[in-house]
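Q: If you read the protein sequences in the order shown, they are chains A and B. Following this note's numbering, the numbering of the first sequence begins with 1 at its first residue and continues without gaps. Following this note's numbering, the numbering of the second sequence begins with 1 at its first residue and continues without gaps.
If you are wondering where the hints come from, they were derived from the structure by calculation, not from laboratory data. Hints are not guaranteed to be accurate.
Same chains, same names: a pair is fine if it fits in one copy or spans any two.
Below, a list of computed lysine-lysine pairs in the DSS-like style, where the Cα atoms sit at most 30 Å apart [as the list claims (entries may be wrong)]:
id, residue 1, residue 2
1, K185, K204
2, K194, K204
3, K195, K166
4, K181, K253
5, K166, K204
Protein chains: 2
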Amino acid sequence: MEKVNLQGVRLFAPASIANISCGFDVLGLCLENIGDYMEIRRSEKAGIRITSIKGQDLPLEAENNVAGVAGLAMLKAYNAKLGFDINIEKNIKPGSGIGSSAASAAGTVAGMNYLLGNPFTPEELIPFAMEGERLACGSAHADNVAPAILGGFTLVRDTNPLDVVKLPTPLELTATVIHPKIEVKTADARAVLKKRVSLETAIKQWANVGALVASLYEEDYALLSRSLVDEIVEPARSILIPKFTQLKKACAKAGALGSGISGSGPSVFALSRGMTDANKVAQAMYDVYSKTEIPFEIHVSPVKQTGVSFLEDLS
Amino acid sequence: MEKVNLQGVRLFAPASIANISCGFDVLGLCLENIGDYMEIRRSEKAGIRITSIKGQDLPLEAENNVAGVAGLAMLKAYNAKLGFDINIEKNIKPGSGIGSSAASAAGTVAGMNYLLGNPFTPEELIPFAMEGERLACGSAHADNVAPAILGGFTLVRDTNPLDVVKLPTPLELTATVIHPKIEVKTADARAVLKKRVSLETAIKQWANVGALVASLYEEDYALLSRSLVDEIVEPARSILIPKFTQLKKACAKAGALGSGISGSGPSVFALSRGMTDANKVAQAMYDVYSKTEIPFEIHVSPVKQTGVSFLEDLS
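Here chain A stands alone, though its shape is the one from the complex (with noise of 0.2 Å):
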């Protein structure tokens, strides 16, 4: 049932983290602490308007905004004829590889279905949220768009057709980001990538993310931190990332899980158990990063079990 009278909703559009060590292209997780506010309103105009964007500088025109195309593939499926205008209040940085573009993709579409009263399930959500990835970045992938639309850790079988496995998320699981100012263009981390690997090391891989999906059933932290280990990507794509072996054995030192890439970068991520080992992380990570001349920001969040949040009905 669309819900008539409700006619806006002030949502928490969660920041999220892909790939996951040995999980490239697969993995994907929910972040609690980090993310943009939006507000998304009903209007008589159909079509989707982006009236303001708050902390960064992006395009308003619907058509070249994540948000807009997500929103308007979502209409298209839905009801042309209706109308929504979206406010964001940008804190995740484009370009940083924690999922800004996914964020305000899914908020859109998370806020929208909220407002009509949920006509879609959360997992139909999800190609629509794609639709703005494929305007940001070129191609509709959900590693970032189903962890911030269905929370906790996500798997990503196949994207044609989709098939998005929900994953169960141990409560203590906390992340440590660090992410550095500088520009990794996706083009330059795709670039660096070989386009054919070892059997050898591709069965370690497999064999880690059976084991890591394994250890978020069991709650088995110390089986999750031994998967958490990348020999294909990490090597390759850790080049771009100033002091990235520094601050991965820094991180292990501190009490890490795990450490690796967030998404194409130039973000790097830890996992820890609970928020105390998350915070020495985090401490470690600046102490990396501190003695250099790149600006950089450090966050630390717990793994989110939900997507995006609902904070507040609009009248």
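The hints should help you fit chain B onto chain A, whose structure is shown.
A: Just chain B, lined up with the frame of chain A:
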């Protein structure tokens, strides 16, 4: 505590399926209805003696027999002054691809451990049994001995150091196995594999491994079915198995969740939900192979939830 009065045990040493489509070199499962019978008895004389082998022509010298080698590895770790006599009734044909050597090695160490009052955990027995595999095929792999000892589905994350995860097994999961009586040499099965694979295909493989593991925890047979895919090893190895494509199509048509090469072949397995479907798959396999000149055997078996079964204490 050593059970000093327990002189012997009769046991069932199960066959197993290794690889399981996307899980090449990593996944394995234990079979309920196919396996060897063994009698393990304490002896006054130190060491391991293979006192008889029925059903197959295999070496009796302990050092040249997989059961002997596995038993000796265990004695060396525990107490080299102890002695055991082993009778084997061999039902699993060596070279069939359903873990013949693993059954003998697993049965031996599990039986000895039972008679000694379980000084080792099941996981600790795996490395001893792996020594049998080293004798049988030149590499101490755990893909078959892990499920034969632990039961159900197992994932070998690493062999050095050994890191095995026991996975849950949906109760209705039933295997159908056809053993075409042709020889596929392990060396040939290895030789047809390409040393390098495309990153794109490898990503699909680890997406499927992750989804398959999730499907076992979720008891999601549909997801299991979608995950039982192998675009890397199966296309290369299936050329060694006559009528493989026809078998696979017939299994799918008969209602199997999926099918693939068992171990390094020549046996082909299918997994179904429930015995009725598994029997239909058996008929479909029969219809394909009865049109060839190749002798064959077909087995239908639930996945065995536990490993080696102890049938009777012997005085």
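Q: All hints are to be evaluated individually against the structure, with a verdict given for each.
A: Comparing the hints with the structure gives:
1. For a Cα distance limit of 30 Å, the shortest separation of K185 from K204 qualifies both inside one copy, at 28 Å, and across copies, at 24 Å.
2. With identical chains, the CA atoms of K194 and K204 are at most 30 Å apart both within one copy (17 Å) and between copies (16 Å).
3. Proximity of K195 to K166 under the C-alpha cut-off of 30 Å is restricted to the intra-copy arrangement: shortest distance 29 Å within a copy versus 33 Å between copies.
4. Proximity of K181 to K253 under the C-alpha cut-off of 30 Å is restricted to the intra-copy arrangement: shortest distance 24 Å within a copy versus 55 Å between copies.
5. With identical chains, the CA atoms of K166 and K204 are at most 30 Å apart both within one copy (23 Å) and between copies (17 Å).
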